[in-house]
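Chains as they are written, first to last, in the numbering used here: chain A, 2 to 209; chain B, 2 to 209; chain C, 2 to 209.
Source of the hints: derived by calculation from the structure; they are not laboratory data.
Do not rely on the hints blindly, as some may be mistaken.
Pairs of lysine-lysine residues, derived as DSSO-like cross-links and limited to a Cα-Cα distance of at most 27 Å, are as follows [claimed, not checked]:
#	chain 1	residue 1	chain 2	residue 2
1	A	K65	C	K137
2	C	K65	C	K181
3	C	K140	A	K65
4	A	K181	A	K107
5	B	K65	B	K137
6	B	K181	C	K107
7	C	K107	B	K207
8	C	K181	C	K137
9	C	K65	C	K207
10	B	K107	A	K207
11	B	K140	C	K65
12	B	K207	B	K137
13	A	K181	A	K137
14	A	K137	A	K65
15	C	K181	C	K140
16	A	K137	C	K137
17	A	K140	B	K65
18	A	K181	A	K140
19	A	K207	A	K65
20	B	K137	A	K181
21	B	K207	B	K140
22	B	K181	B	K107
23	C	K207	B	K207
24	A	K207	B	K137
25	C	K65	A	K181
26	A	K65	C	K207
27	B	K107	B	K207
28	A	K140	A	K65
29	C	K65	A	K207
30	A	K207	B	K65
31	A	K181	B	K207
32	C	K181	B	K181
33	C	K181	C	K107
34	C	K107	B	K137
35	A	K107	C	K207
36	B	K181	B	K65
37	B	K65	A	K137
38	C	K65	C	K140
39	C	K137	B	K207
For clarity, every value in this text was computed on a predicted model and none was experimentally measured.
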Amino acid sequence: MRFRLRPSDNSFYEFFSRAAQNLVTGTELLAELILPGADIQAISERLVEVEHDSDAITHDLYQKINSTFIAPFDREDIYRLGSNLDDVMDHLEAVGSLVYLYGLTKMPALPREMHEMVDVLDRQARVTADAMPRLKGLKDLEDYWVECNRLENEGDRAYRMLLVRLFSGEYDALTVLKMKEVVEELELACDSFERVANTVETIAVKES
Amino acid sequence: MRFRLRPSDNSFYEFFSRAAQNLVTGTELLAELILPGADIQAISERLVEVEHDSDAITHDLYQKINSTFIAPFDREDIYRLGSNLDDVMDHLEAVGSLVYLYGLTKMPALPREMHEMVDVLDRQARVTADAMPRLKGLKDLEDYWVECNRLENEGDRAYRMLLVRLFSGEYDALTVLKMKEVVEELELACDSFERVANTVETIAVKES
Amino acid sequence: MRFRLRPSDNSFYEFFSRAAQNLVTGTELLAELILPGADIQAISERLVEVEHDSDAITHDLYQKINSTFIAPFDREDIYRLGSNLDDVMDHLEAVGSLVYLYGLTKMPALPREMHEMVDVLDRQARVTADAMPRLKGLKDLEDYWVECNRLENEGDRAYRMLLVRLFSGEYDALTVLKMKEVVEELELACDSFERVANTVETIAVKES
Chain A
2 MRFRLRPSDN SFYEFFSRAA QNLVTGTELL AELILPGADI QAISERLVEV
52 EHDSDAITHD LYQKINSTFI APFDREDIYR LGSNLDDVMD HLEAVGSLVY
102 LYGLTKMPAL PREMHEMVDV LDRQARVTAD AMPRLKGLKD LEDYWVECNR
152 LENEGDRAYR MLLVRLFSGE YDALTVLKMK EVVEELELAC DSFERVANTV
202 ETIAVKES
Chain B
2 MRFRLRPSDN SFYEFFSRAA QNLVTGTELL AELILPGADI QAISERLVEV
52 EHDSDAITHD LYQKINSTFI APFDREDIYR LGSNLDDVMD HLEAVGSLVY
102 LYGLTKMPAL PREMHEMVDV LDRQARVTAD AMPRLKGLKD LEDYWVECNR
152 LENEGDRAYR MLLVRLFSGE YDALTVLKMK EVVEELELAC DSFERVANTV
202 ETIAVKES
Chain C
2 MRFRLRPSDN SFYEFFSRAA QNLVTGTELL AELILPGADI QAISERLVEV
52 EHDSDAITHD LYQKINSTFI APFDREDIYR LGSNLDDVMD HLEAVGSLVY
102 LYGLTKMPAL PREMHEMVDV LDRQARVTAD AMPRLKGLKD LEDYWVECNR
152 LENEGDRAYR MLLVRLFSGE YDALTVLKMK EVVEELELAC DSFERVANTV
202 ETIAVKES
């Protein structure tokens, strides 16, 4: 549509790849966290560190935008994508902190649907990390956003069935409330991955 | 302000009109859903179908943007409006699914304030469907967004009073939690209609 | 980056300063509201009035944008900043209404973490009100957004610890649910202040 001379500055793509790779680390930690007998305190502390790494990457990206004359695509889209990736990590870290703070580890086993949601997040992290290097060239990205949205629908179904189980009478009201806070953060993480995909789609459409 | 040559491509307006018309179908189904003795399963399945229709309309709209050189207004605004309309339907469908999944139909009667919220949604759907054809020409739209925002305030008041009733001690804690999930979706639907109106306002202001 | 001739129209800055000053009034009312023996009804009514003042300021700002040829910065950013400031007030007002509607005043004393959250909001309001006049010239704003984001993190920690206390078994389930609605509005207010800061940052970066 519009013609623009865009010098290729690879460092922008590297920020996005590093941020997405960090999300894979985050979802791997979540997968450990929900295993029986996990060291919740150690894992939730690792999640806090990984979240700080994300903050640092986002901060460096913003510095880079501010100090660069010509960006590979719209400045606002770069901001948005950086902030979308950062949002995912905030929710992943929140899961760890809440499981630790609420002492949910005393439960015999977490519901199956919670494992399903963490699995969805892990797959979203992996397709996102795979897609980021393809931002350069803006090619072959449609499969990514279609899959990421499909996974969000899958996560949404697991979330609904998890609420049904929580409200079934199997748990007391306070346990339900604590679990609900945790699964809401899982659901928000799942949504945030979809928002990353939507921003990538917007960029691809605009720049094509 | 800015002068732009905009060829009139009516198909964009038709997408928005069809999407909004679909929301009227959605709120009509909600009105049936909350009647005593309603066939919850059948109605929630109809809502899923109507939601799929919305997805198809949104998808066609996005295809259309991608394959069109000149759009009647900013591409991003077309995206946003399409996605806003789609969001409303997601919340309408969620209401049906949750009422069905939580087995809320066993309650003797739903609270009056819930009927009020559904009524607000129905009126928001109707004013939205009436306004969409007027996007062409961008005329006489102010009444629409003012009314849609006014209805959102009305819905917000009903939502607050509904929570007061839920927390009054009339229901047990688990029933409160289930009902709260449902009324939150009603409230989100109401907000989403307001966001549709805000996007229309933004477009009208920009293009005028 | 882009060169634009921007006549300095001070009235835009005055809208933002008035809106932010109004938020200081709002957080001061919240601080009164949570004191033991406070006249909850009177204070929540004052909050409704202050919220109406915010609505009027936002409305005047929008009228001003619509009737002005040249704005000091991007129209959309002016809209967003006005609407961000308005969002904060909506949440402050909601706190007052919910405390009143749920009859939470019958509790012997509110948890310490709730006082901390209100204190954070009060400091966010003050740094925001201090920063708004500096929008003209777009100078010395970085300290503001850094501090406002830091305060949001502080508020977030207080929010988490407040939930831990609410779920500790100290309160019955319905009281927990009521309190949770209130503290969620506090948390949303805290987030909204951060969004104001983010919009200011976006404007400063774009226009520099």
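Hints versus structure:
no.: 1; hint: K65/A / K137/C; verdict: 25 Å, holds
no.: 2; hint: K65/C / K181/C; verdict: 39 Å, violated
no.: 3; hint: K140/C / K65/A; verdict: 20 Å, holds
no.: 4; hint: K181/A / K107/A; verdict: 16 Å, holds
no.: 5; hint: K65/B / K137/B; verdict: 17 Å, holds
no.: 6; hint: K181/B / K107/C; verdict: 23 Å, holds
no.: 7; hint: K107/C / K207/B; verdict: 50 Å, violated
no.: 8; hint: K181/C / K137/C; verdict: 39 Å, violated
no.: 9; hint: K65/C / K207/C; verdict: 22 Å, holds
no.: 10; hint: K107/B / K207/A; verdict: 50 Å, violated
no.: 11; hint: K140/B / K65/C; verdict: 20 Å, holds
no.: 12; hint: K207/B / K137/B; verdict: 14 Å, holds
no.: 13; hint: K181/A / K137/A; verdict: 39 Å, violated
no.: 14; hint: K137/A / K65/A; verdict: 17 Å, holds
no.: 15; hint: K181/C / K140/C; verdict: 39 Å, violated
no.: 16; hint: K137/A / K137/C; verdict: 38 Å, violated
no.: 17; hint: K140/A / K65/B; verdict: 20 Å, holds
no.: 18; hint: K181/A / K140/A; verdict: 39 Å, violated
no.: 19; hint: K207/A / K65/A; verdict: 22 Å, holds
no.: 20; hint: K137/B / K181/A; verdict: 45 Å, violated
no.: 21; hint: K207/B / K140/B; verdict: 13 Å, holds
no.: 22; hint: K181/B / K107/B; verdict: 16 Å, holds
no.: 23; hint: K207/C / K207/B; verdict: 19 Å, holds
no.: 24; hint: K207/A / K137/B; verdict: 23 Å, holds
no.: 25; hint: K65/C / K181/A; verdict: 44 Å, violated
no.: 26; hint: K65/A / K207/C; verdict: 13 Å, holds
no.: 27; hint: K107/B / K207/B; verdict: 50 Å, violated
no.: 28; hint: K140/A / K65/A; verdict: 24 Å, holds
no.: 29; hint: K65/C / K207/A; verdict: 31 Å, violated
no.: 30; hint: K207/A / K65/B; verdict: 13 Å, holds
no.: 31; hint: K181/A / K207/B; verdict: 42 Å, violated
no.: 32; hint: K181/C / K181/B; verdict: 13 Å, holds
no.: 33; hint: K181/C / K107/C; verdict: 16 Å, holds
no.: 34; hint: K107/C / K137/B; verdict: 55 Å, violated
no.: 35; hint: K107/A / K207/C; verdict: 50 Å, violated
no.: 36; hint: K181/B / K65/B; verdict: 39 Å, violated
no.: 37; hint: K65/B / K137/A; verdict: 25 Å, holds
no.: 38; hint: K65/C / K140/C; verdict: 24 Å, holds
no.: 39; hint: K137/C / K207/B; verdict: 24 Å, holds
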